[in-house]
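**Student:** Next come the chains, spelled out residue by residue.
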Amino acid sequence: MFDQTVDRRTLLRVSAASAATTAIAGLGLVATAQDTAPEGAAEDQTLRIAALADAVQLDPHFSYGRSTTGTFTNVMWAGLTKVNADLEVVPDIALSWDLSEDGLLYTFHIDPERKFSDGTPITAHTVVGAWNRSLNPETQSLVAGSYLRDVIGAADYWRGESTELPTGFRAIDDLTLEVELFHPRNYFHKILSHPSTFIINPDEVATHTPDDPWTLRAVSFSGPFAVESYQDRQLLTLVRNEYYPTNPTLQHIVYRLADDVQTQFLLYQNDEVDITPLGIADADNVKNQDPTYREEFVEQPIWWLDNLYMRQELAPFDDVNVRKAFAMSIDKATILTAVERDLYTNMDGIFHPEMDVYESGEPVLAFDPDDARAALEASSYGSADALPNIAFWVTGTEATGTEATRAAAMQEMWRQNLGVNVEIRVVPTYEEMLESDVQLVIGSEGIQYPDGSTAVGYLLCDSPANIAQFCDEDFDALVAEAGMTQDEALAIDLYRQAQAIALDSAALLPLWRRANHYLVKPHVQNFVTTAMYTMPSLADTLYISEA
Amino acid sequence: MLAKYAARRILLTIPVILAVIALTYGMALYGAGDPVATLVGQTEARGDVELIERLRSEHGYDRPFVVQYADYVRKFVSGDWGTSFQLQNQSVRILITNALPVSFQLGLVALVFLVGFGIPMGILAAVKRDTWIDRAIVSTSVLADSIPSFVLAPVLLVILVLKIGVIESAVGWDGMFSQKVLLPAFILALGPMLIIVRQTRYAVGEVLQQDYIRTARAKGLGGRHIVFGHVMKNSLQPVLTLSGLIAAYLVTGSIFIERIFGIPGFGYLVVTALQRNDLPLLMGTTIVAGVIVLVANVVVDISYAILDPRVRFG
Amino acid sequence: MRAGHPHEKTAETSKSLASALESNRLVQQRSLWRDAWDSAIRNPFAIAGGMIVIVFLGAAAIGPAISPYGYTEQNLLNIEQSPSWSHWLGTDELGRDFLSRILYGARTAFLVATMVTLVGGTLGVLFGSVAAMSEGWVGGLIMRLTDVVMAFPTLLLAVFANKTLRPAVQNQFNDLYELTGLELFRSRLLGDYLVVFGALALVSWPGMTRLVRGQVLSLKHSEFVEAARASGAGTLWIISRHIFPNVLGPVIVSLTVGFGGAMLLESGLSYLGVGIQPPGASWGAMINENLDKWRYTPHLILVPGGVLAVVIFAFNFLGDGLNDALNPRRRR
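Protein chains in written order, with our numbering: chain R, 2 to 548; chain U, 186 to 499; chain P, 278 to 609.
Keep in mind the hints are simulated off the structure, nothing from the lab.
One or more hints might be untrue.
[Claimed, not checked] Listed next, the in silico EDC-like pairs over lysine to aspartate or glutamate satisfying Cα-Cα at most 16 Å (straight line):
hint : chain 1 : residue 1 : chain 2 : residue 2
1    : P       : Lys570    : R       : Asp291
2    : P       : Lys497    : P       : Glu412
3    : P       : Lys570    : R       : Asp285
4    : R       : Lys191    : R       : Asp87
5    : U       : Lys348    : R       : Asp272
6    : R       : Lys288    : R       : Glu300
7    : P       : Lys570    : R       : Asp261
8    : U       : Lys313    : U       : Glu391
9    : R       : Lys191    : R       : Glu89
10   : U       : Lys260    : R       : Asp212
[Claimed, not checked] Residues of chain R placed beyond 10 Å of chain P at every Cβ, according to the derived structure:
hint : residue
11   : Glu40
12   : Asp87
13   : Gly104
14   : Pro122
15   : Arg134
16   : Pro211
17   : Gln252
18   : Leu315
19   : Gly444
20   : Leu491
21   : Ile493
22   : Asp541
23   : Ser546
Note that CB positions come from ideal geometry on N, CA and C, so glycine has one too.
For reference, chain R alone in the conformation it holds in the complex:
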């Protein structure tokens, strides 16, 4: 009863799939795993991964966090485009697309061979059905409408302001999908690599009720693997999708679900899993202290930037000199070594090194206590004593751990370098923090798809995520133009100019970017992980070698 294994159905499906595969293989049309498995591969191609039970989300339209999308959603579901191992956006369900002259009309060509894991074909009609489902207000996806907001009719429908289905996307025939935008977006095809636009089987989802969720009995998966069984909070077992174009070498992926990172590490040490993510303390130990597992250690910097925001509409941070003073009194290098244990890397700008738009150079707000004090003196307050009360936000539910440590370290730095006593205030929710008079906030910014536009979105004047309360007309104009022009080089240049505006006015202090750390057993070959949390080789070249 509490074990949500679904055995009989699985049996039927697997036998049907294997019967079909064998038949088609006999015709030499589908390369089976036996053909592609390299020398030395083990009999049983089952990969066991330790994962957080909280991150499991079987419905792509509700996948909100990077660890969820990278670890689970991208393994089970697919969209019109995808992000490959080199962080480029390449075709997936849509093999190609045409763009009209004015940049407003996309025509996507759907892969005619593409099928769900149970053999149901994926057509343009399926895509329309999937997107209508994700945008349906009753579905209550928190983000679907904001990702597709450039499509005519999508946002209104999602917000419940219109009861008509969006007209902005339509299936011309089985293999052709037209999408119409309000304004040109040179990165629109990249948005389609985000899970909120992924393709589910609308007929299957339509049977959902809260007491009988569709996710627990789904058989149509569009990604490289399909769910074979799921025991809530214990075990998630996936089986290879025989219809997926890249023919994964793996047959099964078993996720051992745990409640915290230490338990995951325990599982790894006990040889119960082949791959485990590492928490900070364990990563620090493996990387810096104890060499036992160092051979199996993988460090991957991720597109997750921590920024220090100084909210500009609140005194005293309406004064640019005060902002500069506070920014320049933070010794990032020491925090990175002492608090973050050399596990994260310094960032001086808002773009990540792997992005086209990135450009290295001298940091704008480098650590310099003398300059910091000078800036404070040059400000309208003149000295630390004249400053009003300054509060630093820490969220309520995780007030201990590295976040609090980080805050305490910075608090101390401002005290020592500027003579200012900053109060650390615990405010439980993000919304309350926004409404409060807390001036200093550390925020994390993720990248939703590989494009400069997502790296600057939170600094636009009307962005709800604009914690810094930064608003500059020129900045907005540059970003708008960069998102519309078809000239790539120009777009890059425009984004860089925008960044310069933000940094020169000390709108924020980019701190560092985080990293994911894994331990991978030696018998796992071709393990690849990306800055977007994904593990693309699961879908093709990763295999288990004989122990």
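Start from chain R and add chains U and P according to the hints.
**Tutor:** What follows is chains U and P alone, placed relative to chain R:
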């Protein structure tokens, strides 16, 4: 007479349950944190005030308290306990009905430990009162009660699983009869063990001092006879009181242990609901936990009444 | 002593009977306390417990004053050092001296437990007595209230109450600060303490109420009280002279054991992230902060965990010893 007492006792719980629901709902809605804002705050949509308002309105959280309360009670009684915000929109009722048996089984094994170790130790301590055996037993059980379970559990886990290797795999849940359940159940039993040992020791000690026991002993009647015969019967009562409380504790109090050992039980739901402001789940778990405690109390009271006729007329 | 009307004579007789009984009881009582003391002295565990408690109280009182470093003093170049001569208990993840934090944590633990026990205990005794003495609906109402509160699992209610009270208290503080400008109201630590006290007191008053009510009820129908009643003594007099001293024993035991329970509960709250917030030092919070690295720097949780266990242990033993000593039926 007994039936009347029982009926009265059961009926009295209804206003209590209603009060519990009202108190919980009030605290959850007005104090502990907005469930919708918390959910939205965890996603890229955070700060989207319009979205939050829309969702709050769809869930009816902007209605007057009394309306919400009445609506909730009505739905609850008819089986609709809402869906969890934080646990992938699963039905709260199904989450709870899946989790309770797990916690129950864990509690059962812990109870076996409790009764199997606690009562004999208490009896032994009473029989050997004021000797070093007595002192050792009492001090060990006090010590066991003093160490927080969330300190003891990870320490034991690493020592027994990794260092000594005595337990192969201790994380996860394979049902009541697998070896995985031993360590968590044992740690769970440590807390109440002190109470059982103490109470048994006291009750048995009391009985042993009674004159008629002394007389019987003086007359040379066999020791063991006396212990098992009279003592067990008379010491049953206080132990019974506690078993009611303990049963309730075992189901609802295993928060830390379930978390550390990855057991998908009731305690885990409680923690999630509390920490992440998941209002429907919080309501469901609190009410169920409260009902369990109340039922346990009623059962204990009624057994008291069976054992001691004076109570029925009280 | 006036001769006269029959009912006066009855009253006289009752009064002298009452005072005779009372002086007899007072003699018994005095010897009860003395016997209790004698018995407690002979119980080595109670003694040990008592001594540890004294050490703990001393640490709480003067510890932070004599500690070598400030408990918030960071040294980012010196993090997570093992015990050494300059730092007897090593340093934590921000380079703060661990011994200083432990000493400060003793103060936190003491303050929390004391406040909770006092408030919970006082409320409990008050409500319990009222509930027992009242003849009308008041007693029933109080007992139903205890039922409601006791229906919640303890930890759940404590966390819940904590989360509910926190924003209320913080808003109040902000308002008070605006109003008065007193630095006091900017202190988040004070707010934390109040919230934790409130939550834990809420959780502990019903238990004490039940205990006291039970005790008072059984005494209410005893000889002394009947006699005193018959001689026209007022309720308050009865409570203070007859009932209170006899209830004191079990109440003291309960308070002592409750002290340890309050500390354990507070550490549980901190473990779940809702207790005293950093940089305030609480043993439970220190355990929580360091749980994920205990394999590498075990002293960071073994020390607060150990100290917590020892102090709770001491209170439990003290309470046990007192229970044995004060319980008249146990006398051999």
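**Student:** So which of the earlier hints does this model not fit?
**Tutor:** none
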